[in-house]
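*Asks:* From just these sequences and the hints, can you work out the full model?
Single-letter residue listing:
Protein chains: 2
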Amino acid sequence: MQSLVKLYPIETREPSLGDNTGDLDRLKKVLVGYLQGRNPVVPFHRIAPLAEAFRQSGFKGFAVVIHHPGGPQLVDFFAQAPEALVGMALDLGTTHLEASLVDLLSGKILERAAVENGQLEFGADILARIHFAATKVGRQTGLDLLHERVMDSIHTLALELAERVRLKPVQIMALCVSGNTTMAHFFLKQNPYHLCREPYIPVVNSPDPFSASDLGLDLHPAAIVWVMPSIGSYFGGDLISGIVASGLDQEEETCMLIDVGTNAEVVVGNRDWLIACAGAAGPALEGGVARMGMRAGPGAIEHCSIDPESGKIDYQTIGGAPARGICGSGVIDLVAGLYLARIIDIRGKFKANQPQTEGRLLEQKDGLAYVVVPAEETDLGEPVLLSQVDIDALMRSKAAMYSILATITNQVGVSFHDLHRIYVAGAFGKHISPRQAIVLGMLPDLPLEVYTQLGNSSLAGAELMLTDETVRKRCRDVVCRITYIELNVNQEFMIRFSGSRFIPHTDHTLFPSVPFQGES
Amino acid sequence: MQSLVKLYPIETREPSLGDNTGDLDRLKKVLVGYLQGRNPVVPFHRIAPLAEAFRQSGFKGFAVVIHHPGGPQLVDFFAQAPEALVGMALDLGTTHLEASLVDLLSGKILERAAVENGQLEFGADILARIHFAATKVGRQTGLDLLHERVMDSIHTLALELAERVRLKPVQIMALCVSGNTTMAHFFLKQNPYHLCREPYIPVVNSPDPFSASDLGLDLHPAAIVWVMPSIGSYFGGDLISGIVASGLDQEEETCMLIDVGTNAEVVVGNRDWLIACAGAAGPALEGGVARMGMRAGPGAIEHCSIDPESGKIDYQTIGGAPARGICGSGVIDLVAGLYLARIIDIRGKFKANQPQTEGRLLEQKDGLAYVVVPAEETDLGEPVLLSQVDIDALMRSKAAMYSILATITNQVGVSFHDLHRIYVAGAFGKHISPRQAIVLGMLPDLPLEVYTQLGNSSLAGAELMLTDETVRKRCRDVVCRITYIELNVNQEFMIRFSGSRFIPHTDHTLFPSVPFQGES
Numbered sequence: 002m003q004s005l006v007k008l009y010p011i012e013t014r015e016p017s018l019g020d021n022t023g024d025l026d027r028l029k030k031v032l033v034g035y036l037q038g039r040n041p042v043v044p045f046h047r048i049a050p051l052a053e054a055f056r057q058s059g060f061k062g063f064a065v066v067i068h069h070p071g072g073p074q075l076v077d078f079f080a081q082a083p084e085a086l087v088g089m090a091l092d093l094g095t096t097h098l099e100a101s102l103v104d105l106l107s108g109k110i111l112e113r114a115a116v117e118n119g120q121l122e123f124g125a126d127i128l129a130r131i132h133f134a135a136t137k138v139g140r141q142t143g144l145d146l147l148h149e150r151v152m153d154s155i156h157t158l159a160l161e162l163a164e165r166v167r168l169k170p171v172q173i174m175a176l177c178v179s180g181n182t183t184m185a186h187f188f189l190k191q192n193p194y195h196l197c198r199e200p201y202i203p204v205v206n207s208p209d210p211f212s213a214s215d216l217g218l219d220l221h222p223a224a225i226v227w228v229m230p231s232i233g234s235y236f237g238g239d240l241i242s243g244i245v246a247s248g249l250d251q252e253e254e255t256c257m258l259i260d261v262g263t264n265a266e267v268v269v270g271n272r273d274w275l276i277a278c279a280g281a282a283g284p285a286l287e288g289g290v291a292r293m294g295m296r297a298g299p300g301a302i303e304h305c306s307i308d309p310e311s312g313k314i315d316y317q318t319i320g321g322a323p324a325r326g327i328c329g330s331g332v333i334d335l336v337a338g339l340y341l342a343r344i345i346d347i348r349g350k351f352k353a354n355q356p357q358t359e360g361r362l363l364e365q366k367d368g369l370a371y372v373v374v375p376a377e378e379t380d381l382g383e384p385v386l387l388s389q390v391d392i393d394a395l396m397r398s399k400a401a402m403y404s405i406l407a408t409i410t411n412q413v414g415v416s417f418h419d420l421h422r423i424y425v426a427g428a429f430g431k432h433i434s435p436r437q438a439i440v441l442g443m444l445p446d447l448p449l450e451v452y453t454q455l456g457n458s459s460l461a462g463a464e465l466m467l468t469d470e471t472v473r474k475r476c477r478d479v480v481c482r483i484t485y486i487e488l489n490v491n492q493e494f495m496i497r498f499s500g501s502r503f504i505p506h507t508d509h510t511l512f513p514s515v516p517f518q519g520e521s
Numbered sequence: 002m003q004s005l006v007k008l009y010p011i012e013t014r015e016p017s018l019g020d021n022t023g024d025l026d027r028l029k030k031v032l033v034g035y036l037q038g039r040n041p042v043v044p045f046h047r048i049a050p051l052a053e054a055f056r057q058s059g060f061k062g063f064a065v066v067i068h069h070p071g072g073p074q075l076v077d078f079f080a081q082a083p084e085a086l087v088g089m090a091l092d093l094g095t096t097h098l099e100a101s102l103v104d105l106l107s108g109k110i111l112e113r114a115a116v117e118n119g120q121l122e123f124g125a126d127i128l129a130r131i132h133f134a135a136t137k138v139g140r141q142t143g144l145d146l147l148h149e150r151v152m153d154s155i156h157t158l159a160l161e162l163a164e165r166v167r168l169k170p171v172q173i174m175a176l177c178v179s180g181n182t183t184m185a186h187f188f189l190k191q192n193p194y195h196l197c198r199e200p201y202i203p204v205v206n207s208p209d210p211f212s213a214s215d216l217g218l219d220l221h222p223a224a225i226v227w228v229m230p231s232i233g234s235y236f237g238g239d240l241i242s243g244i245v246a247s248g249l250d251q252e253e254e255t256c257m258l259i260d261v262g263t264n265a266e267v268v269v270g271n272r273d274w275l276i277a278c279a280g281a282a283g284p285a286l287e288g289g290v291a292r293m294g295m296r297a298g299p300g301a302i303e304h305c306s307i308d309p310e311s312g313k314i315d316y317q318t319i320g321g322a323p324a325r326g327i328c329g330s331g332v333i334d335l336v337a338g339l340y341l342a343r344i345i346d347i348r349g350k351f352k353a354n355q356p357q358t359e360g361r362l363l364e365q366k367d368g369l370a371y372v373v374v375p376a377e378e379t380d381l382g383e384p385v386l387l388s389q390v391d392i393d394a395l396m397r398s399k400a401a402m403y404s405i406l407a408t409i410t411n412q413v414g415v416s417f418h419d420l421h422r423i424y425v426a427g428a429f430g431k432h433i434s435p436r437q438a439i440v441l442g443m444l445p446d447l448p449l450e451v452y453t454q455l456g457n458s459s460l461a462g463a464e465l466m467l468t469d470e471t472v473r474k475r476c477r478d479v480v481c482r483i484t485y486i487e488l489n490v491n492q493e494f495m496i497r498f499s500g501s502r503f504i505p506h507t508d509h510t511l512f513p514s515v516p517f518q519g520e521s
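As you go down the protein sequences, you meet chains L and X in turn.
First residue of the first sequence? That's 2 in our numbering, and the numbers climb one at a time after it.
First residue of the second sequence? That's 2 in our numbering, and the numbers climb one at a time after it.
Worth flagging that the hints you see were computed from the coordinates, not collected in a lab.
Be careful, since some hints might not be right.
Which copy? The list can't say, so a pair holds if one copy fits it or any two copies do.
In the EDC-like style, the derived pairs of lysine to aspartate or glutamate whose C-alpha atoms are separated by at most 20 Å in a straight line are [to be verified]:
id : residue 1 : residue 2
1  : Lys30     : Asp478
2  : Lys109    : Glu84
3  : Lys109    : Glu161
4  : Lys474    : Asp26
5  : Lys169    : Glu112
6  : Lys61     : Asp393
7  : Lys352    : Asp367
8  : Lys190    : Glu53
9  : Lys190    : Asp26
10 : Lys350    : Asp508
11 : Lys30     : Glu377
12 : Lys313    : Glu149
13 : Lys30     : Asp219
*Replies:* Quick look at the structure:
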């Protein structure tokens with residue numbers, strides 16, 4: 002295994018009148034042998050502690066070298082081999098930060114933890130935070146505060162992870178950060194102003210790795226901080242992580258990667274070519290719009306089914322807790338079930354006077370709502386409802402998703418049936434049932450074995466970056482090779498979007514496995 | 002000319018929906034073309050100011066790249082080409098700091114200035130300062146204070162030099178520091194404890210270049226700071242500067258470099274081999290011991306001659322001011338003159354009752370003293386004297402110097418007559434009269450055209466480093482190639498030293514051009 006950070010055993014002769022090499026020069030001379038003649042650079046603030054540690058250890062022990070892209074950096078020295086040399090992989094999500102502690106020597110994942118993004122108080126969505134960044138808050142800017150909050154969240158995670166393995170955050174020698182482009186800007190304290198304004202230009206897509214002390218991170222002061230590169234404002238490092246974690250960039254056959262969230266990001270390609278696009282899918286898929294929608298968490302209905310005859314609902318909540326709401330994957334199951342049970346029509350509209358909905362359809366001031374869980378089964382004192390408004394939002398989201406997939410494959414002259422594999426990434430991707438998504442016409446009608454759920458591939462990519470030196474080059478290659486299509490100004494996408502606002506589609510021959518429930 | 006710091010004209014297309022490259026990535030992409038495919042690294046704290054300047058300039062202008070040994074660093078951007086891109090070369094002397102402002106684009110020296118080393122209050126000599134470094138002064142260490150003082154002196158110089166060309170210190174993009182090993186430790190704030198304790202080991206001989214902000218220098222925050230490498234405690238970067246400034250390392254024929262001060266440092270060699278040694282020559286040569294001794298400065302007698310018949314003295318003072326003392330070169334002229342006028346004998350002792358000394362020899366409580374300048378010609382109200390004690394000190398110094406030269410040449414099997422050229426460096430070397438030094442038996446009896454006076458070659462080497470990229474490699478090569486002989490433990494040196502304590506030498510056949518004034 003090739004790691005970003007390595008440990009080299011050092012044994013040298015003690016200095017003498019006959020060999021008056023300087024302490025640090027003595028140590029570096031040994032390392033040059035390990036490093037194929039390359040001279041490791043000692044960052045200025047490491048000169049004194051390194052020379053001191055080397056001398057105190059009697060000129061033998063273990064040197065820590067961090068392999069920066071510009072060359073190796075010698076950053077620490079231990080008399081005894083440390084039990085573990087750890088790095089932290091971080092998925093910098095808009096709502097949650099998820100991190101793992103990685104043993105850099107064995108590549109083993111030691112611990113995982115997550116915290117809520119401390120920036121939430123300044124805006125639930127990215128756009129609100131970009132606007133907040135430009136405001137003045139006393140003597141600080143909004144950007145200062147957003148940066149502080151994300152630093153706090155990272156420090157909380159670092160402390161928790163380190164404590165679990167009886168280490169201190171200062172022993173963390175590397176941090177790899179994977180997040181969307183805006184979160185990367187907040188982390189780097191860069192002005193996000195132009196990210197949401199045409200032509201949507203980041204300050205930087207591929208920042209050079211730097212040291213923890215540059216940013217004031219409470220890790221090892223010389224810990225390498227690597228931010229996964231992004232392709233543009235709407236295609237971030239979390240996606241590059243997804244590409245390397247799925248191995249899409251090395252596949253012989255053409256595959257697809259879908260990351261579903263408020264934005265849907267899609268990559269199609271193989272080891273020879275890669276094409277990407279991103280488009281707004283709407284917040285419905287993250288449970289952000291449905292009145293009873295909620296993010297995946299205890300009590301969220303993550304899966305359900307409806308018996309087409311009786312209309313009886315079976316549901317599962319996360320953690321088996323009393324139902325409190327519906328998360329994205331639950332909404333998809335539910336709407337697919339409503340369609341198969343003929344409770345909604347191909348436009349996603351509730352049908353009146355259906356026997357299966359007896360007692361389950363309520364008239365509300367903004368339209369009909371379906372009782373998913375009656376009040377007595379929840380611990381909210383009210384029922385969990387799915388309203389017509391919620392379904393309409395999902396219809397737009399699923400239409401956007403399918404249109405994105407159809408547009409991008411069409412642009413490269415690939416049919417869905419040419420796809421060897423479709424990787425579904427993201428927290429949402431982990432729970433989604435591909436079959437129900439196909440019924441809705443959100444995902445193409447392909448055999449279920451084509452679909453592979455990746456889980457948090459943003460985190461997985463960051464973990465790989467820490468433990469596999471070849472991933473750096475792969476990331477660089479992906480960034481160079483990938484062609485990004487801007488869908489916001491794409492005419493074909495707009496046309497396809499109109500055709501996709503039906504279940505499963507206006508052209509139902511595209512979905513042969515889905516029963517057609519249109520007017521007969 | 003190849004410079005450490007370069008300016009590249011940049012012209013890019015403005016970002017658009019069809020080309021959503023990040024601002025910094027756009028700039029770097031152009032530079033990669035200039036840099037033979039190498040990716041310039043942007044130091045973390047330069048990301049925001051660079052991206053801002055690039056955007057403000059309408060995506061065209063001039064990029065500043067610093068060529069670090071690890072690779073190019075992109076550090077600044079200007080809409081208009083700056084009139085000059087300047088660097089500062091610095092000779093970090095024990096008593097004085099001398100600096101020049103260099104135009105990095107043309108290689109021209111714009112200005113020179115000098116200040117007294119602010120550390121003098123903590124000890125005139127290096128050893129006293131090393132001891133002071135280990136003391137506690139309130140909440141600071143002596144090292145903290147020594148470092149602060151030298152930083153203050155550098156800031157004073159930077160401000161003066163910059164103001165003279167209507168710039169600000171923050172516009173200085175590079176600093177090359179050349180000094181002895183201890184001064185380099187004080188500058189880098191490294192513990193000098195082991196420098197003066199057997200086996201005399203530096204913390205570091207070849208520190209990696211770093212950025213001005215790492216050390217808190219008030220220059221451009223990303224200015225490269227380059228410290229000339231040293232070979233050991235007694236052979237510093239000032240000597241490496243001397244070697245590259247003289248070109249000794251590139252000579253076909255064997256040459257010698259002598260830097261005379263409290264320590265005498267000597268290098269012999271050519272483009273194929275280099276050997277070096279250093280030895281204590283005593284402070285006599287820097288005017289540090291003679292009661293009337295003084296460093297070169299206004300009123301110091303820098304040259305003088307004595308008419309052998311009449312005993313009449315002719316002298317010149319620096320700046321033509323009334324005599325106030327004698328500097329090193331004056332002491333050499335004077336003692337040589339005293340010898341040629343038979344006022345002192347071959348042991349350097351005053352002879353009694355010589356007619357030429359009438360009224361010029363005073364009996365003092367520690368022995369005889371010679372009136373160089375009578376009280377009425379000075380503005381001190383007292384005469385300028387040279388005492389027997391002073392001459393004895395010079396005798397030891399000149400003996401040490403000759404023994405060092407004889408030992409090192411003998412060790413490599415080279416005779417003095419094989420030397421194509423002898424470079425005499427150091428502030429002292431600029432003023433010394435080689436002929437009088439030969440009379441004393443301090444320098445070998447060779448034709449005067451063999452001797453070349455270099456002036457401040459420590460500063461000259463630093464200037465070269467800033468303006469000639471090949472000098473880096475030459476310095477690295479010199480450090481690798483040079484063999485250092487420790488004279489403090491050398492038996493041959495001790496034997497030669499005894500034989501050299503006469504004028505010109507016990508073996509006067511070594512000095513055929515010098516009249517033998519021994520007992521007849």
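*Asks:* For each hint, tell me whether it holds in the structure or not.
*Replies:* Hint check results:
In this assembly of identical chains, Lys30 and Asp478 lie within 20 Å of each other by CA distance solely across copies; the values are 15 Å between and 33 Å within a copy. Only within a single protomer do Lys109 and Glu84 lie at most 20 Å apart by alpha-carbon distance; the minimum there is 13 Å, versus 55 Å between protomers. In this assembly of identical chains, the alpha carbons of Lys109 and Glu161 lie at most 20 Å apart only when taken from the same copy (18 Å versus 57 Å across copies). Proximity of Lys474 to Asp26 under the C-alpha cut-off of 20 Å is restricted to the inter-copy arrangement: shortest distance 17 Å between copies versus 31 Å within a copy.
Proximity of Lys169 and Glu112 under a CA criterion of 20 Å is satisfied intra-copy only: 14 Å inside one chain copy versus 51 Å between copies. In the homo-oligomer, the alpha carbons of Lys61 and Asp393 never lie at most 20 Å apart, since the shortest distance is 69 Å inside one protomer and 48 Å across protomers. For the homomeric pair Lys352 and Asp367, the shortest alpha-carbon distance inside one copy (16 Å) is at most 20 Å, but the shortest distance between copies (123 Å) is not. Taking the closest pair of Cα atoms, Lys190 and Glu53 come within 20 Å of each other only across two copies (13 Å); inside a single copy the shortest separation is 34 Å, beyond that limit.
When the C-alpha separation of Lys190 and Asp26 is checked against a cutoff of 20 Å, the pair qualifies only between copies, where the shortest distance is 17 Å, while the shortest distance within a copy is 36 Å. In this homomeric assembly, Lys350 and Asp508 come within 20 Å of each other (Cα to Cα) only inside a single copy, at 18 Å, whereas the closest approach across copies is 118 Å. With identical chains, the CA atoms of Lys30 and Glu377 are never at most 20 Å apart, being 74 Å at best within one copy and 63 Å at best between copies. For the homomeric pair Lys313 and Glu149, neither the shortest alpha-carbon distance inside one copy (49 Å) nor that between copies (80 Å) is at most 20 Å.
Proximity of Lys30 and Asp219 under a CA criterion of 20 Å is satisfied in neither setting, with 30 Å inside one chain copy and 33 Å between copies.
Checked against the numbered hints listed earlier, the structure breaks hints 6, 11, 12 and 13; every other hint is satisfied.
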